[in-house]
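Top line first, the protein sequences correspond to chains A, B and C. The numbering of the first sequence is my numbering, which starts it at 6 and goes up by one. The numbering of the second sequence is my numbering, which starts it at 31 and goes up by one. The numbering of the third sequence is my numbering, which starts it at 141 and goes up by one.
Keep in mind that the hints were calculated from the coordinates and are not lab data. A hint or two may mislead.
[Unchecked claim] Lysine-lysine pairs mimicking DSS-like chemistry, simulated, CA-CA at most 25 Å apart: (1) B/K536 with C/K148; (2) B/K532 with C/K205; (3) C/K145 with B/K351.
[What the hints assert, rightly or not] Non-contacting residues of chain C with respect to chain A, defined by C-beta distances greater than 12 Å in every case (computed): (4) E147; (5) A248; (6) K270; (7) E274.
[Claimed, not checked] Negatives, chain B to chain A, calculated, CB over 10 Å: (8) S73; (9) W191; (10) N195; (11) L353.
Note that this is a predicted model, so its numbers are computed, not measured. Glycine is no exception: its CB is placed at the ideal position from the N, C-alpha and C atoms.
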Amino acid sequence: MAKTELNRKIDTETEVEDSTNLNGTLASVMILGAILIITWVGLYMLFLSR
Amino acid sequence: MNIQAKLKVDPRDGKLAMAHFYVFIVALAIGGLAGLLQTFVRSGKFELPFGIGYYQLLTLHGVVLALVMTTFFIMGFLHAVVSKTAGTYTNRQRTLAWISFALLTIGTIMAAIMILLNEASVLYTFYAPLQAHAVFYIGLTLVVVGSWVGSAAVFMKYGEWRKANPGQSSPLLTFMAVITLMMWDIATIGVATTVLFQILPWSLGLVETINVGLSRTLFWYFGHPLVYFWLLPAYMVWYAIIPKIIGGKIFSDSLARLSFVLLLFFSIPVGLHHQLVEPGIDPAWKFIQVILTFLVVIPSLMTAFSLFATFESYGRSKGAKGLFGWFKKLPWGDARFTIPFIGMLGFIPGGAGGIVNASHQMNQLVHNTIWITGHFHMTVAFAVILTFYGVAYWLIPHLTGRILTKKMNKLAMIQGITWTIGMLFMSSSMHIQGLLGGPRRSAFSEYGGAAQAAEWIPYQIAQAVGGSILFISIILMVYVFINLAFFAPKGEQEFPVGEVAKGAEKTPLVFDNWKLWLGISAILIVFAYTLPLIDLIQNAPPGSKGFKLW
Amino acid sequence: MHMHKFEKIWLIFGFGALLVFLTVIGVSAFYLGNQPPSCLATIDPEKVDTTAPFNEPGLKKVEGKEWDYELVFVASAFSYSPARVEVPLGAKVKVIATSKDVMHGFQAAGTNVNMMLEPGYISEVVTTFKNPGEFLIVCNEYCGVGHHMMHSMIEVVE
Ligand SMILES: [Cu+2]
Chain A
6 MAKTELNRKI DTETEVEDST NLNGTLASVM ILGAILIITW VGLYMLFLSR
Chain B
31 MNIQAKLKVD PRDGKLAMAH FYVFIVALAI GGLAGLLQTF VRSGKFELPF
81 GIGYYQLLTL HGVVLALVMT TFFIMGFLHA VVSKTAGTYT NRQRTLAWIS
131 FALLTIGTIM AAIMILLNEA SVLYTFYAPL QAHAVFYIGL TLVVVGSWVG
181 SAAVFMKYGE WRKANPGQSS PLLTFMAVIT LMMWDIATIG VATTVLFQIL
231 PWSLGLVETI NVGLSRTLFW YFGHPLVYFW LLPAYMVWYA IIPKIIGGKI
281 FSDSLARLSF VLLLFFSIPV GLHHQLVEPG IDPAWKFIQV ILTFLVVIPS
331 LMTAFSLFAT FESYGRSKGA KGLFGWFKKL PWGDARFTIP FIGMLGFIPG
381 GAGGIVNASH QMNQLVHNTI WITGHFHMTV AFAVILTFYG VAYWLIPHLT
431 GRILTKKMNK LAMIQGITWT IGMLFMSSSM HIQGLLGGPR RSAFSEYGGA
481 AQAAEWIPYQ IAQAVGGSIL FISIILMVYV FINLAFFAPK GEQEFPVGEV
531 AKGAEKTPLV FDNWKLWLGI SAILIVFAYT LPLIDLIQNA PPGSKGFKLW
Chain C
141 MHMHKFEKIW LIFGFGALLV FLTVIGVSAF YLGNQPPSCL ATIDPEKVDT
191 TAPFNEPGLK KVEGKEWDYE LVFVASAFSY SPARVEVPLG AKVKVIATSK
241 DVMHGFQAAG TNVNMMLEPG YISEVVTTFK NPGEFLIVCN EYCGVGHHMM
291 HSMIEVVE
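Chain A extracted, bound-state conformation:
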């Protein structure tokens, strides 16, 4: 999807952005990911048990 064209102009900003402190965001989405996995695995087990 036209990625090459998009990637060209951004390099200058990269370092600034990666230094943004988003530790809490990463922790939050990982909790969300855990909820998704627990729900799915739990219901798959229920499916297998029936």
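Given chain A, work out where chains B and C with the ligand should sit, using these hints.
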């Protein structure tokens, strides 16, 4: 755009949007009352008066809330947002939008009359070969056509903006409105096809039988994007309006656009995941659409990250420390933020359940059980509707030249939290009852005294408790709405439009390349649907006559 | 278009989880044969009563097949035939069903037997009844005013 951002929505466009919102609030009240009575009936302790049928009421609930209330709110909201961010409508655009409103309203009234006359107790999915009165289908067709006319107004405004601002990236909210309506227009082709070419001729008696499998598949080609038509406006609010309300910045304009483009791609060629346990469709095609369904999860994962990042960045800019210190810095007293935020949280269990539903053979665990009802009440009636309430709190006073007072804000908080409690009660008991095998769309029944059915009844009573709390919330919402529309003090209520941080990278122009997006979307749809549809036509069984079993 | 490194980590993680889910259900479906009910056979909905095997609803022992029994159901507004049936514990059973009129559901509550019945199509699912007891069959697709009265019962006996 910056000049536009300071302006109020033009009063003429404001009037247009408000017309939609009046229908929204009436639909909410009527549909909500129907829902309340349903939960009462299902508790086993109440019978409907005046010869009203349970399924007649259920049809009313589904049509009025899922089709009418949502469509009116969304069209009103999109007109307001586009007028605000791309500029006041021209007379021609506004005329189109009013024609759209008229068609939506006339269609709604036609369908509603047929439901009230008990000529259309077929539920809002109107699966053939149950056959309603032709006027019911014509009414629904007018609703769809009305939404097409309304989207034409938005597309015209967008085109006009592009012409006037060559080489610039379109306003984010307008871009999102265009994606939402493109997706909707492409999706509604499916339902329009089955209604115009199959169901209408058959209900008018012009043809005797109908291809049921084909009709269902065309319906679900529309039915899944329908739920994204509800969700995308909520995502618009979360991405581009909530940051302004809390005083922060949009995390990334480009990533927001990217996720909307992905939603356009993957919300349509996935309808078979509603038909996973039905005959006549090869399981390999079902699985291909299951894969595409899983891909539509990706933009939602991106959305979750962006939202948390917006909140964390804002909190840290206010001096928050530690891993979760930023959480406390958010404006918890502000209903415009807090109520949609609760909606966002509700989308987490909603999304988790959705992945389970779409997991191919695992669908047997939940298909058509009341788990499904619990699921879409969590996503639409909780995540999306709480967000719409959050919009109403500021958009209605903005459009009527009034303000949301501190006192009304407090009442709005109570209203949203009441909704939260009621829906948690109702939805969680539906989820559990569904896993125990309780069916959806069913009046109270003891199923011949079966022990399993007896286990379901306590959950149905919990649903009635939830339904009652929800209805209290609706009464509060009607009160807040009337106050904001007619009685709140005159003033200037802000229309919050999010901005990106200073020095943020420029949004690539490729996002306004519609040939590319529509082309990819078309390829995906053709790939996912051509062979299953040919199969359903070529290997069709003898058609079905119409039945009126209510 | 820049993406924060944490977002990349998150998306790779999420994508990986989805891929694992898809692999698990894909292998189970295509290699172990646990496909959702997707029978492609058709039938004239007006001639169900005279078409085999629906002319004789109920349980039948079969030989030389991957399953031991065939359990045939005919659905019509608002009942199933048979209204009650006994199945031996641990038997591998192919459930075969169809509708004589409108869409119906067919779910044995508490089991994975859950499929749509569509006029003109035959629905099939193979299952092993692992637990003894009564399993209520409910119609879980709206079919008319008596929809909630439509049920049957499978009794799994030793
Ligand atoms: Cu039925």
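Taking the hints in turn, this is what the structure says about them:
no.	hint	verdict
1	B/K536 with C/K148	holds, 20 Å
2	B/K532 with C/K205	violated, 71 Å
3	C/K145 with B/K351	holds, 21 Å
4	E147	violated, 8 Å
5	A248	violated, 10 Å
6	K270	violated, 8 Å
7	E274	holds, 15 Å
8	S73	holds, 27 Å
9	W191	holds, 22 Å
10	N195	holds, 19 Å
11	L353	violated, 5 Å
Of the numbered hints stated above, those contradicted by the structure are hints 2, 4, 5, 6 and 11, listed in ascending order.
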